[in-house]
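Colleague: First to last, the sequence lines map onto chains A and B. The opening position of the first sequence corresponds to residue 6 in the numbering used here, with each subsequent residue numbered one higher. The opening position of the second sequence corresponds to residue 176 in the numbering used here, with each subsequent residue numbered one higher.
These aren't lab readings, by the way, just hints derived from the structure by calculation. We put the CB at the ideal spot given by N, CA and C, even for glycine. Some clues are possibly wrong.
[To be verified] Chain A side only, calculated, beta carbon under 7 Å to chain B, not exhaustive: (1) Tyr84; (2) Trp202; (3) Ile208; (4) Asn235; (5) Asp238; (6) Gly285.
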Amino acid sequence: MPPSQPRNMRVVREIPRQDILFSVARMPNSTRLFVGSSESKVYEIDAGQTTPQARDLADHGRYVTSVRLMGHTVISGGYDGRLIWWDLQANRVLRTIEAHSRWIRSLAVSPDGTKLASVADDMVCRIWNTTTGERLRELRGHAARTPSGFSSMLYNCVFSADGRRLATGDRVGHIKIWDVSSGRELSAVEAPLLYTWDGVQRIRSIGGARGLAFSPDGTHLAVGGVGQINNVDSLAGPARVEVFDWQRRQRVYEFTGQNGLVNRLVYHPQGQWLCAIGGGSNGLVLFYDPAGRSVIHQSNLPMHVHDVAFNDDFTTFYAVGHNKIAVVDIR
Amino acid sequence: MSREFCGSGEHVVSRRGFLGTLAAAGTAAFADMTALQALAVPGVSQDLRRNQKRVILLWLAGGASQLETWDPKPGVRTGGPFQSIQTNVPGVRISELMPKMAARLQNTCIIRSLNTRNADHGSGARLMMRGRIGEAAVDYPDLGAVLAREFGLPDSQVPDYVSFYFATEGRNMAPGNPGFLGARFGSMDLYTSMIPENIRRAGISEQDHRERAELRDVLSRGFGRGRSSLGLDSHNQAYQRVAGIMAHERLFDIAQEPQQIRDRYGPTLFGQQCLAARRLVEAGVPFVRVGRAWWDSHGQNFETHQELVPELDHVMCTLLDDLQDRGLLQNTLVVTLAEFGRTPNINSQLGRDHFASAWSCSLSGCGIRGGAVYGRSDALGNTVADSEINAARLFATIYRALGINPHKNYYLGSRPIPLTDPGTEPIREVLA
Chain A
6 MPPSQPRNMR VVREIPRQDI LFSVARMPNS TRLFVGSSES KVYEIDAGQT TPQARDLADH
66 GRYVTSVRLM GHTVISGGYD GRLIWWDLQA NRVLRTIEAH SRWIRSLAVS PDGTKLASVA
126 DDMVCRIWNT TTGERLRELR GHAARTPSGF SSMLYNCVFS ADGRRLATGD RVGHIKIWDV
186 SSGRELSAVE APLLYTWDGV QRIRSIGGAR GLAFSPDGTH LAVGGVGQIN NVDSLAGPAR
246 VEVFDWQRRQ RVYEFTGQNG LVNRLVYHPQ GQWLCAIGGG SNGLVLFYDP AGRSVIHQSN
306 LPMHVHDVAF NDDFTTFYAV GHNKIAVVDI R
Chain B
176 MSREFCGSGE HVVSRRGFLG TLAAAGTAAF ADMTALQALA VPGVSQDLRR NQKRVILLWL
236 AGGASQLETW DPKPGVRTGG PFQSIQTNVP GVRISELMPK MAARLQNTCI IRSLNTRNAD
296 HGSGARLMMR GRIGEAAVDY PDLGAVLARE FGLPDSQVPD YVSFYFATEG RNMAPGNPGF
356 LGARFGSMDL YTSMIPENIR RAGISEQDHR ERAELRDVLS RGFGRGRSSL GLDSHNQAYQ
416 RVAGIMAHER LFDIAQEPQQ IRDRYGPTLF GQQCLAARRL VEAGVPFVRV GRAWWDSHGQ
476 NFETHQELVP ELDHVMCTLL DDLQDRGLLQ NTLVVTLAEF GRTPNINSQL GRDHFASAWS
536 CSLSGCGIRG GAVYGRSDAL GNTVADSEIN AARLFATIYR ALGINPHKNY YLGSRPIPLT
596 DPGTEPIREV LA
C-alpha cells in the first residue's frame with residue numbers, strides 16, 4: 006500500500022448538493038458512493054462522473070443517518086428507526102426491519118460482513134445478521150437519561166478490525182466495549198470532557214462521544230467530539246480526541262484541534278495516522294501520528310463533514326456533509 | 176371627583192367600571208394610590224378574588240423553534256428530522272417531541288402567523304413582553320405590570336407580579352418593567368432562590384416583627400393625624416404589602432406540596448418553577464413569568480430541542496392538568512412565548528438562527544377557544560401565508576381573553592395611553 010501523505014492534502018473536487026449528507030459508503034475499487042440524505046433517501050452518486058447524477062435507492066421518509074455496504078447490498082438506518090436492505094443488482098428493497106423505537110444514529114458492519122450493529126436513541130445497540138436480518142444480540146447499559154435528567158442519545162458504534170469487539174458511545178461521553186459473540190460488556194471508559202452541561206448560563210447541554218475507532222491492533226480506542234464549550238449555543242469549542250487503552254480503562258493520550266465537532270474517526274489500516282473529521286461553521290480535518298504523538302496535518306474543509314469514506318489505498322477520501330461532497334487527495 | 180368612597184351599597188361598583196370612570200374623567204388613576212382603597216369593600220374583594228384572572232407566562236427565552244414545537248414541517252428541506260403527530264384536535268398536528276400536549280390540545284390554541292420583525296434578543300424580548308415598540312417619551316409597562324395593575328387587589332397579601340429567571344443568559348434582556356405605571360406594579364424577580372431572599376427574617380423572631388410593625392403603625396397614625404399625604408399613604412401601603420408578603424413566604428416553597436404533586440412536575444428547575452407558579456396564581460398572584468432559558472440553538476438545534484421540548488411538553492401539560500383539576504384553568508391564561516422563533520434554514524452546524532418573520536406561540540385556558548389554530552406559514556416556514564399578526568394583535572387578544580378592554584386608556588398626565596396600539600383588534604377566532 007503506497008503511503009498516504011496528509012501533508013499534501015488538497016481538495017480536488019467539490020460536488021454541490023441541496024441536501025445535507027450524513028453518511029457515506031463506497032463501493033470498493035470504484036468511485037461509487039452511497040449516501041444518506043436529509044431528503045430522507047439513500048442515493049447512489051458516482052463521484053468519478055463529470056456530472057454526477059443521484060440515483061434514488063431506499064426511502065426512509067426521514068433523515069437517513071447511516072449507510073453501510075455489505076457486498077452488493079446497501080443497508081441504511083435513519084430517524085424512522087428502520088433498517089432497510091437494498092439490493093443493488095435487483096434494484097429493489099430486500100428487507101425492512103422496524104429496528105429501534107427511536108432515531109437510529111449509526112450503523113457498523115463487521116469486517117467479515119456477517120454482522121451489522123445499529124445504535125439509536127432508545128439507548129440500545131442491536132446486532133443483526135446481515136444476510137438474513139435476524140436479530141442476534143441486544144446490548145443494553147447506556148443510561149436513558151443524562152445526570153441532569155434529560156433524554157440521552159447513543160451516537161455511534163464501531164467494530165474492531167478482527168470483528169471480535171464492538172464499541173458504543175453516548176451523549177455524556179460514556180463508552181462501552183462489548184464482546185460480539187457473547188454480548189458481554191468487557192470494559193467501559195469515560196470521556197466526560199466531550200459533554201458540556203451548562204447548568205448556569207443556559208441550562209442545557211451539547212456534545213457527546215460522536216466519533217469512535219479501534220486502532221488496527223485493537224488495543225486502543227479513539228473517541229472524538231468537541232471539548233468543553235463556554236457557550237453551548239454553538240460548536241465553539243476545540244475539536245477533541247481521546248485515545249484509551251480500553252482493556253486497562255486508561256486514557257493514554259488526547260489531542261485537540263481547531264473549533265468544531267469530530268463526527269468521524271478513521272485509523273489508517275497500517276497505523277500511519279488517525280484521521281479526525283467533522284466541523285463547526287466550516288469543515289475540519291486533522292491527521293494525527295499515533296506513534297509519534299503529534300499532529301501531522303490539520304486543515305479546513307469546504308463544508309461541515311458528517312462522514313467520510315476512503316479509497317482502497319487510503320490516498321483519497323470522500324467527505325460528505327452540509328450541501329456538498331468533497332473529494333480530497335492525500336497522496 | 177371625590178377620592179373617598181362613601182361606603183354605601185348603592186355606590187359599590189365593579190373594579191373595571193370604577194377605573195373606567197376615573198379614566199374617562201381624565202384622572203391619572205394609577206398615580207392616586209388612595210383611589211384603590213375604595214375597592215377595599217369586603218363584598219367587592221371576594222367577588223374579584225373568585226373571578227380573578229391570572230396569567231402564567233412560559234417565557235422560552237432565546238427563541239424556541241416553531242418547527243420543533245407548534246408548526247412542524249416534516250419532509251421538506253427546512254423541516255428537520257422530526258415528524259409531526261396528530262393531536263386530539265382533528266386536522267391539527269404538532270411536533271412529535273410533544274406527545275403529551277398532542278393528547279390535550281382541547282384547552283390550547285396555537286397561533287402560527289406571528290411576524291414581529293425583530294430578531295434581536297434584547298429589543299425583541301422587550302417588544303414581546305410589552306406588545307409594542309417603545310418610544311422615547313413613554314416607558315410602556317410590560318404585560319406583567321399591566322396585569323398587576325388590572326388584577327392586583329388593594330388588600331392583597333401576595334405580590335402581583337412574580338418572575339422566575341434563574342439562567343444567567345438573557346436575564347437582563349427583558350427584566351420586569353412597570354414603565355410609567357410605577358414601581359408599585361413592578362416585578363418581584365427571583366434569580367437564584369425559589370423563595371424571595373429579601374423577605375426572609377434575619378434572625379428576628381415573629382413576635383419581634385409583629386411588635387415592630389405595631390409600633391411603626393402607632394407612630395405612623397400619630398404622625399398622620401390631621402395630615403393628608405399621598406406619600407404617607409403610599410408608604411403605609413408598602414409596609415402592609417411587605418408584611419403580607421412576608422407572611423406568605425410559604426407560598427413560594429414547593430416543599431409544602433405533597434411529594435406526589437412534586438413528582439408529577441418532575442425534578443427539573445423548570446418543572447419546579449411551574450409548580451411554584453401554580454401555587455402563586457392559586458393564592459391570587461395575577462401574573463407569574465417562568466423564564467426557561469436558553470433556547471438559542473445556533474448549533475445542534477435538533478439535539479437542543481430533543482432536550483428541551485420534551486421538558487416543555489411534560490411540564491406544560493402537568494401545569495395545565497393541575498390548573499384544570501383545581502378549577503383554576505378557566506380563569507388562568509397560560510402563554511408560551513419568546514422573543515422570536517428560529518430560521519427554517521438549517522445552518523452548517525445543524526442549527527437554526529434568529530427568526531421573527533413566521534413563528535408561533537400558544538395560549539391556553541382563560542378566554543381561549545381550545546383547539547383553534549390561527550394563521551399559517553408557507554410550505555417551508557419562511558413567511559406567513561395567511562392571517563399575519565404582530566405583537567400588538569397578540570397582546571390585544573391576551574387582554575380580551577382576560578376580560579380587559581384592549582382599547583382602554585391609561586393616562587400619563589393628561590395624555591391618554593391606549594393599552595394596545597390604536598386600531599389593533601384581538602383575534603376573535605381564538606377567543607371563547
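Colleague: Hints first: check each against the structure and report whether it holds.
Modeller: Outcome of the hint check:
1. Tyr84: holds (4 Å)
2. Trp202: violated (10 Å)
3. Ile208: holds (5 Å)
4. Asn235: With a closest approach of 11 Å, the Asn235(A) hint is violated.
5. Asp238: holds (5 Å)
6. Gly285: holds (6 Å)
Hint check: violations occur at hints 2, 4; the rest are consistent with the structure.
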